[in-house]
Each structure stands twice: as structure tokens, then as C-alpha cells.
Amino acid sequence: MFDLGALRRAVEARGRVARVVIAEIRGSTPREVGAAMLVWDGGQSGTIGGGALEFEAAKAALSRTGLSRHPLGPQLGQCCGGSVTLLTEHYDADAVAALEGCDVIARGPGARPLAVARLLDRARARGEAPEAQLVQGWMVEPVARPGRPLWIWGAGHVGRALVAVLAPLPDFALTWVDTAPDRFPEAVPEGVTVVPVAEPAALMPRAPKDAAHLILTYSHALDLELCHAALRHDFGFCGVIGSDTKWARFRSRLAVLGHAPAAIDGITCPIGRKDLGKHPQAIAIGVAAQLITMQTGDMRAWPTRFSEFGA
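Residues are numbered in this note's numbering as their position in the sequence shown, beginning at 1, plus a constant of 401.
FYI, nobody ran anything at the bench for these hints, they're computed from the structure. As the structure is a computational prediction, the values presented were derived from the model and not from experiment. Even glycine gets a Cβ: it sits at the ideal position worked out from N, Cα and C. Some hints here could point you the wrong way.
Said to hold, decoys possible - List time: in silico BS3-like cross-link candidates among lysine-lysine, alpha-carbon distance up to 30 Å:
no., residue 1, residue 2
1, Lys610, Lys675
2, Lys610, Lys647
3, Lys647, Lys675
4, Lys647, Lys679
Unchecked claim - Distance ranges between label pairs, derived from CB positions:
no., residue 1, residue 2, range
5, Gly483, Arg546, 22 to 32 Å
6, Cys503, Leu658, 26 to 36 Å
7, Val596, Ala453, 19 to 29 Å
8, Glu433, Ala453, 13 to 23 Å
9, Asp676, Arg633, 25 to 35 Å
Construct the complete structure from the given sequences, taking the supplied hints into account.
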């Protein structure tokens, strides 16, 4: 998808920015059609698969526009065996402004081909976004919309590791909550909304009812208070870091607070993957994988949960 928000922020910060997107693939390739990177003088973000292809494309991005085809063979020192067609475009503030309000960005040389018009009409009639694709020299890309709201409660070691892992993913829109500004690191990943608030549980009603929540504060009492607030507010997913012993105590206390067993069962605790270990980054990887598999609807990847950390 065309991440217009990321492009807008890059142009605001850097001025002129090149966007390089994979327009077409043949055979084995490191990334899919629609994968893109932004390149500016002195830096870049995103990836089209790394390696020599990305290195050469980034090097030429600010001096080249249009379509270019790249066999992934000996010439690039790669052995994928396929080929990639790249589209390189340059953007400034005016060019980005011209895209605002678009649901699909379709562009190319000359008049819009009939095949592109039919593709867009068919997608509109079905209420679906078309897949990113190159059609008769025209690149068609749906504009990325904000991801699923994900609220992370706690900015300790595990919270920081989770934000570092999840922030680059386009599937989630992160809100990060803790009790004071100095609980957060100085550098926060782009696109993450930081909310320092003395009473975090009072903020729960401001979260969308379909939001996912990860509760992992420095305090078991605060974790319990947030679980209580989540059960009163409703949620799409709620997970709490901890042990089986911790959750048994929480279940008992939440029942005393008036929550039915079936409602309490809607909270997942422990979260993550026990077999990956207790290092904060390992926990973050396990939890991130759990969220991603939930997004795709495939829960078969979850035979075990993390059940020791935070006991």
C-alpha cells in the first residue's frame, strides 16, 4: 500500500524525497509488489528487500525517475533468479498535497488506460481496495489507512522492546501510555503516540472499543486496575504480561470487582511465547508474532504461551 503519511512526514522533514516501489516481479524476489522505500539526501527509510538491489536503487533514486527493470542475477551479485521492475518518483510538498484525499493512487504516462479504469471501477463497486500492480505502464496502489489501534501500557524494558518491534509494522497504530514523561525514552519511533498520564486507567475510555491492549506496567496493582478498566470499557484484544500465578490472583480479584468469569476469560494472560525466553526482546518478538497471527486469523501458530515472566 502507498503509505502517504510516511511520505508526508519525510517530505516535511527532508524536503525533496524519492519513493522507490516494486511495481512488478517475475520469479523469485526478496519482496512483493508494493514494497517501497523513501530516499533523501543522506538517508532512507523502508525497504525493497535489501542487498545489492536496494543499494543500487537507493544510490540512483535521486537522479532517476520512471520504471527500471533489474534481473536478480550475477550483475547484482544475487542469485534469486527472478527480476524486479522498480518505479522511482520524486516528491515535494506540492506533489504530496496533490495526493491528499485519494483512496487509490493510479499514475502513468499518457491517458489512463481502459484496463486501469475498469480495475478501479470494479474495486469501487465491490468496496475493496485493488492490489498494488502495474497495468499497461500505470502503477496502481491503494493508500494505506491507519492500522488497528494498539495501546501499550507501560514503558519499561518490555514495553520499549515491544514498541521497537511493532512500530515499523503498518498493521498497527500505536499509543504508548505510562505514568510520567520521564518513563519514556528520549527517542520514540516515528508514528507512535506517547501519552504520559498520572492515572492511566482513567484513559481507557478514550481507547477505541476495537483496540488491542498490552498491559505490562511496573506495578501489579496498576496492571489489575487496567484490566478492570478494560473489562468495563470493552476491547478487541487484551493481553497481560505475567505468570499463571499472577493471573490466578487477578482472576479472583476481578471476580470480586463484579466481572463475570466469561468476561474475564476474554483477557489473555500470559502473553507471548514461553519457549523464546525471558529477554525483553524475546518477549516482544513472541507477543508481536501473536498479534500478527491474530491479524491474519491463523492461531495455529500458538501452541504455547509465555508463562513465567513477571511472576
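How the hints compare with the structure:
no., hint, verdict
1, Lys610 x Lys675, "holds, 29 Å"
2, Lys610 x Lys647, "holds, 26 Å"
3, Lys647 x Lys675, "holds, 15 Å"
4, Lys647 x Lys679, "holds, 16 Å"
5, Gly483 x Arg546: 22 to 32 Å, "holds, 30 Å"
6, Cys503 x Leu658: 26 to 36 Å, "violated, 47 Å"
7, Val596 x Ala453: 19 to 29 Å, "violated, 42 Å"
8, Glu433 x Ala453: 13 to 23 Å, "holds, 19 Å"
9, Asp676 x Arg633: 25 to 35 Å, "holds, 34 Å"
Figure legend: structure checked against the earlier numbered hints; hints not met, in rising order: 6 and 7.
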